[in-house]
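Protein chains in written order, with the working numbering: chain A, -1 to 640; chain B, 28 to 297.
Think of the hints as simulated: they come from the structure by calculation, not from any bench.
Glycine residues also receive a C-beta, built at the ideal position from the N, C-alpha and C atoms.
Possibly wrong hints are sitting among the right ones.
For lysine-lysine, the following DSSO-like pairs were computed, each having C-alpha atoms within a straight-line distance of at most 27 Å [what the hints assert, rightly or not]:
1. A:Lys517 to A:Lys480
2. A:Lys362 to B:Lys78
3. A:Lys512 to A:Lys480
4. B:Lys76 to B:Lys192
5. A:Lys517 to A:Lys430
6. A:Lys230 to A:Lys471
7. A:Lys479 to A:Lys230
8. A:Lys398 to B:Lys44
9. B:Lys267 to B:Lys288
10. A:Lys362 to B:Lys76
11. A:Lys230 to A:Lys480
12. A:Lys480 to A:Lys470
13. A:Lys470 to A:Lys447
14. A:Lys430 to A:Lys480
15. A:Lys471 to B:Lys229
16. A:Lys512 to A:Lys430
17. A:Lys318 to A:Lys138
18. A:Lys447 to A:Lys362
19. A:Lys493 to A:Lys39
20. B:Lys229 to A:Lys447
21. A:Lys470 to B:Lys229
22. A:Lys447 to A:Lys398
23. B:Lys44 to A:Lys390
24. A:Lys235 to B:Lys229
25. B:Lys44 to A:Lys447
26. A:Lys230 to A:Lys447
27. A:Lys362 to B:Lys229
28. A:Lys470 to A:Lys390
29. B:Lys267 to A:Lys390
30. A:Lys318 to A:Lys362
31. A:Lys430 to A:Lys476
32. B:Lys229 to B:Lys76
33. A:Lys619 to A:Lys593
One side only, chain A facing chain B, incomplete, derived with CB under 8 Å [to be verified]:
34. Phe239
35. Ala241
36. Phe245
37. Glu360
38. Ala361
39. Leu368
40. Phe371
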Amino acid sequence: MSLFFALFFVISIVIFAVSCYSTLGIVRHGLPENRFDNPGKRFNNMLKYGFGQKLLFREPYGNVHFVMFWSFLIFAAADLEMVLRCIFPVFTGISDKVPPVALLFDVAPALTLLAVLIGLARRFFLPPANIKDRSNDVLKMLAVIIILILAYFGSRGALVASGRSLPDYLPLSSFVAGFMANLSPENIDFLASCFLSVPALALLFFAVYVPYNRHMHMVTAIPNSFFRSLEKPSALKAEDFRAGNTFGAGQVNRFTWKDLLDTYSCTECGRCDAVCPAANTGKPLSPKRLVSSIQENLLANAADLKKGRKPSVSLIGEGKASISEEAIWSCTTCAACVESCPVSIEHLSKTVKMRRHLVQMEAKFPEELLGFFENMEQRSNPWGMAPSERTKWHANADVKTFEAGQTEYLFFVGCAGAFDSRARQVTIAFTKLLNAAGVSWGVLGNQEKCCGDSLRKLGNEYVFEQAVNENKKTFADKGVKKIVTHCPHCFNTLKNDYGLEVVHHSELISKLLKEGRLKFKSAANTGKVVFHDPCYLGRHNGMYDQPREIIAMTAGETPSEMGRSRERSFCCGAGGGRMWMEEYTGTRINRARVKEALGEKPGTISVSCPYCLIMFEDGLKDEGAFNDVSVKDIAEMVAERI
Amino acid sequence: MLVVTCIKQVPDTTQVKVDPVTNTLVRDGIPLILNPYDTNALEEALRLKDKYGFRVAVLSMGPPNAELTLRKALALGADEAILISDRAFAGADTLATSNVLACAISKLSEKEEVGFVLCGKQTIDGDTAQVGPGIAVRLGYSQLTFVDRIENIEAGRKTVRVRRKLEGRHEVVESFFPAMISVVREINHLRYPTVPMRLNSKDARVTIWDNKVLGLDPNTVGLKGSPTWVSKIFSPERTKGQILGNGMADPEGTARLLVEKLKEKEVLTF
Ligand SMILES: Cc1cc2nc3c(=O)[nH]c(=O)nc-3n(C[C@H](O)[C@H](O)[C@@H](O)COP(=O)(O)OP(=O)(O)OC[C@H]3O[C@@H](n4cnc5c(N)ncnc54)[C@H](O)[C@@H]3O)c2cc1C
Ligand code: SF4
Ligand code: SF4
Ligand code: SF4
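Generate coordinates for the entire structure from the input sequences, incorporating the hints supplied.
Dropping the structure here:
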């Protein structure tokens, strides 16, 4: 009998493994990418994000999920032990020898059962908004888990009843064993075999079922956390601009294998959609659907790929197995999706890869961008103003010129800070602070050129690379070592893409205030302050506290927080090159965010990014609140008091 | 059939200043760009290529660094680029310029039938709008200026129908080709080059023709062949305007004042 089951079991395992392999094998058609580097750190990430479920703890039911996840893992180990013990009677397992393990193996499955039941109850009675359109096969899955656990207790109860396990540390199994007390050993054996066939059947069920639904994540989620990107979410790979090469992802096999593996890891939990500014304002972009559409496209092209042919179903376009151009252009690259995804999926870089294809291979993009690209190439700034205008603000400030070997900080003004009349005021305010604190600083004047942030996020890597080379040369010629800037886009780009030493003005100002190098002369006059985290300072660079410290010192109290702040801050709508595009569909992102800020009844909305400043002022005008609430950069708030 | 597009590299005049002492243009450090009107001529030529399968040649007379602009045109899909560059051609006025360009076009027509010469309406540095018509007259081509739409080309009858944009009205005209067509900015917007196109154009060849190739009488080219000289360039003194009204302090009053003034000058008539 046990031989028969052993065979049945082994066959199930083989079928399951083959099925997983043939399903996942298709990701090998993606481009190569090294995700095996730095294994120590990766292992750590796996513990933290995979087993530790780090991201879920931020949520109300996060602990239920954690209990379920961990107790399930323990249950899996217990069930494995059980199966091995039944098949190989010589193997007596470890749980009987180590009492805490025995207890764990008895209690954990019960906890899983409990968590599953709570989950089910929640689904039926309190469905959270973000999972409403989740497919029904979750239910089938949960049903299988319940049956598995019940069968497990059956098997374990049989072990106790037949005297092969001692009941001492197995309260639940002993309870089950009680029902078998009057059965003959043969009957107990038979029952045990029946129970044992359940996990084997379940494996068969998974083998058939998993490849055809989205539960592959049970297999890939943990490995995916090992392969998790070790870089910032905005980190993008450079391209090799050689004639004959292809650029960006215009077909599904132009994604890397990790991009494709990502699509199998998605649990359809909808967390990304819940935080996405585009999805929340009626744009046709859903990061969740982005991921599933890539997988659908992969499956639709599987036959072609296996035969080594070019995929015939287009990746970009209309249709269920494609991603629409409008969706691709709707992303603000705010990284809220990446930050919230429990299984380490990288949405942002996939979108940029498709943008790269559209811009670089097809020259296809929203028409507003034509002017933007031309401005960048001909005038080195997005506004298209004459480079000589870059120094216009100098007339209203005490400006220092950067001197090689003498000046400490290059003040990289940024195009917004130099060309936009409102952002210029921030620039001027910041120079006041630099001068008041006696910082050694200087500007490049007309020799400054755009850092290229929007170019890169819009997928124009070719022109971005030119900009990087030109700017790096200027910095090297001038002997620039340290840079300070008040634009988080410049900050992120110069720091992470150029690899330079850069500080954001919020870091510098907070340091100067703490060191007492800036002295307040007048009283605070800001009213209640609410602070908006710019994505490129916060999520992209993890700097949440510095601006808050400055506000606390300047306004006399810590800023009030919107419902969505810090890691969960909601983008103002300007990132990812959206600054230069019209918003035709749905409501405007900046209006949504301004409404949220107004909900706090502030006197001042404080920002630390020139783009956010422009977006908020526009939003306030649209909301008719421009005369009642002011938008101020942290530098302006401080400058007003010194 | 060949479409010849004449393009000129010009200083980005939004950045050009006149030196008040010497009354010459300060060109130092000013980026050179493709004359904006010529971007439209080039785009229209490329559209004719897409639609009718014509070949596109770009032609420019200028200093050696104009090669960069020609290379961009190649990146966008032009089939052939010719730079006419010779010290003897320097200092040309519109007469000498159109003479040289016409000579180059007729040289091209020896190998392949030239159907159209596309020019920008004018340049942003010389601003004369004479070179296109000058070419047409020298070559005996039809002359269609200020075109904002090429409506139809009938290869059989050798006719072309275009719409001209004139002050306050449009004019649709039909003529025989070969024709010189000068275009206005409204006609189109220059396409954006793909990266493979840019990379391929890096080693694309720009043909350089000097006067040894063209063999023009030295007295008809360059400074010698130019009856016009620019004797003085200056920025007209701006007579100081008046600031009326209370500006932002009284936006409504200021707006009302503006409307009144415009009515006074008969700009607004209601
Ligand atoms: C400030 C200034 C003032 C001048 N004033 C005069 C003047 O009053 N009289 C005079 O005769 N000359 C003058 N010149 C010189 C003359 O303008 C140019 O040198 C002449 O070559 C072209 O004339 P344009 O730039 O006005 O071209 P336009 O006639 O305005 O150009 C029309 C089209 O012709 C084509 N084209 C023009 N030049 C070239 C070229 N070099 N290569 C290829 N295609 C071309 C382009 O398609 C262009 O869009 C002046 C030059 C300057 C810089
Ligand atoms: S980066 Fe931001 S805008 Fe783009 S898909 Fe993610 S959440 Fe949405
Ligand atoms: S991509 Fe991540 S966050 Fe979005 S639905 Fe899938 S698992 Fe959830
Ligand atoms: S990213 Fe910086 S340099 Fe680029 S446009 Fe913005 S402000 Fe200017």
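* Would you mind confirming whether the straight-line C-alpha gap from Lys430 of chain A to Lys480 of chain A stays at or under 27 Å? => holds (19 Å)
* Pair hint Lys44 of chain B and Lys447 of chain A, alpha-carbon separation not exceeding 27 Å -> Status holds; Cα separation ~21 Å.
* Keeping to a limit of 27 Å between CA atoms, is the pair of Lys398 of chain A and Lys44 of chain B held or broken? -> Cα-Cα ~25 Å, so holds.
* For the pair supplied as a hint, Lys230 of chain A and Lys471 of chain A, confirm whether the alpha-carbon distance does not exceed 27 Å. => Judged against 27 Å, a Cα distance of about 25 Å means the pair holds.
* Asked: Taken at face value, is the distance from the CA of Lys470 of chain A to the CA of Lys480 of chain A at most 27 Å?
  -> holds (13 Å)
* Are the Cα positions of Lys362 of chain A and Lys229 of chain B separated by 27 Å at most? -> Given that 27 Å is the threshold and the Cα spacing comes to 22 Å, the pair holds.
* To do: Go through the hint on Leu368 of chain A and say holds or violated, using the shortest Cβ distance to chain B against 8 Å.
  => Holds, about 6 Å.
* Are the Cα atoms of Lys267 of chain B and Lys288 of chain B separated by 27 Å or less? -> Judged against 27 Å, a Cα distance of about 17 Å means the pair holds.
* Asked: Does the structure keep Lys230 of chain A and Lys480 of chain A at a Cα separation of 27 Å or less?
  -> Since the Cα atoms of Lys230 of chain A and Lys480 of chain A sit roughly 21 Å apart, the hinted pair holds (cutoff 27 Å).
* Pair hint Lys430 of chain A and Lys476 of chain A, alpha-carbon separation not exceeding 27 Å -> The given pair, whose Cα atoms are some 24 Å apart, holds under the 27 Å limit.
* To do: Could you grab the alpha-carbon distance between Lys517 of chain A and Lys480 of chain A and see if it respects the 27 Å cut-off?
  => Since the Cα atoms of Lys517 of chain A and Lys480 of chain A sit roughly 25 Å apart, the hinted pair holds (cutoff 27 Å).
* Within a Cα-Cα threshold of 27 Å, do Lys362 of chain A and Lys78 of chain B meet the stated pairing? -> holds (19 Å)
The structure fails none of the hints (numbered hints given earlier).
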